[in-house]
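Colleague: Sequence:
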Amino acid sequence: MVYRLNSASILDYLARHKLCHSADRLFRVEKRPGKNLNLHVQLSRSGRRNAAINHLLVKQGPINCQEVPKGDFEDEWRIYQLLASHEELHDLQSLMPEGVHYDPVNAIQVFRYLQSYCDLGEFYADTQQFSATIATALGASLATLHPATFRRQDYRLELGPPEKGQSGCAAVDPSRFQL
Numbered sequence: 001m002v003y004r005l006n007s008a009s010i011l012d013y014l015a016r017h018k019l020c021h022s023a024d025r026l027f028r029v030e031k032r033p034g035k036n037l038n039l040h041v042q043l044s045r046s047g048r049r050n051a052a053i054n055h056l057l058v059k060q061g062p063i064n065c066q067e068v069p070k071g072d073f074e075d076e077w078r079i080y081q082l083l084a085s086h087e088e089l090h091d092l093q094s095l096m097p098e099g100v101h102y103d104p105v106n107a108i109q110v111f112r113y114l115q116s117y118c119d120l121g122e123f124y125a126d127t128q129q130f131s132a133t134i135a136t137a138l139g140a141s142l143a144t145l146h147p148a149t150f151r152r153q154d155y156r157l158e159l160g161p162p163e164k165g166q167s168g169c170a171a172v173d174p175s176r177f178q179l
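In my numbering, the protein residues as written are 1 to 179.
These are calculated hints, taken from the structure and not from any lab test. Errors might be hidden in some of the hints.
[What the hints assert, rightly or not] Derived DSSO-like pairs (lysine-lysine); straight-line CA-CA distance at most 30 Å: (1) K70 x K18; (2) K18 x K31; (3) K31 x K70; (4) K35 x K18; (5) K70 x K35.
On a predicted model such as this, the values are computed, not experimentally measured, just so you know.
Make a model of the complete structure from these sequences and hints.
Modeller: See the structure below:
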């Protein structure tokens with residue numbers, strides 16, 4: 001049976017998987033928007049004056065009616081593993097949040113949550129500002145990743161074959177994008 005996360009069960013889950021210290025106490029849990037269950041968990045060390053708050057983002061993917069996770073996180077976690085396992089890709093890890101735990105049986109991922117984090121969808125919805133600076137930064141990040149991994153058969157094998165029904169694209173004809 002799948003372990004279902006909620007604000008009452010989250011501390012137990014983190015402790016059982018050694019993702020928090022036994023002295024940590026739940027300071028706050030906020031549900032974040034998204035297609036998954038996304039919990040921003042804030043932990044504080046009990047008994048310590050002015051204790052630092054540890055922030056985590058805990059995500060649980062969709063679970064079907066037979067209590068089986070849909071497996072949405074597996075490909076995402078493989079990318080984290082790929083970047084961590086190849087020294088030439090280590091610098092690219094800074095482009096992504098720090099993944100600290102993956103539980104495929106329960107479809108759970110845990111990441112360090114940056115205090116300065118702002119969900120892009122929320123930002124756009126709240127401000128109605130669509131800054132070219134943000135688009136440029138996202139494009140630059142992807143442009144950094146692309147040449148490091150393009151046409152690398154060894155990486156492709158680690159990430160696995162395309163799922164049934166999906167097909168890859170061998171090449172894109174640049175003329176299709178001419179204005």
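Colleague: Honestly, which of those hints from before does the structure not fit?
Modeller: Result: no hint breaks.
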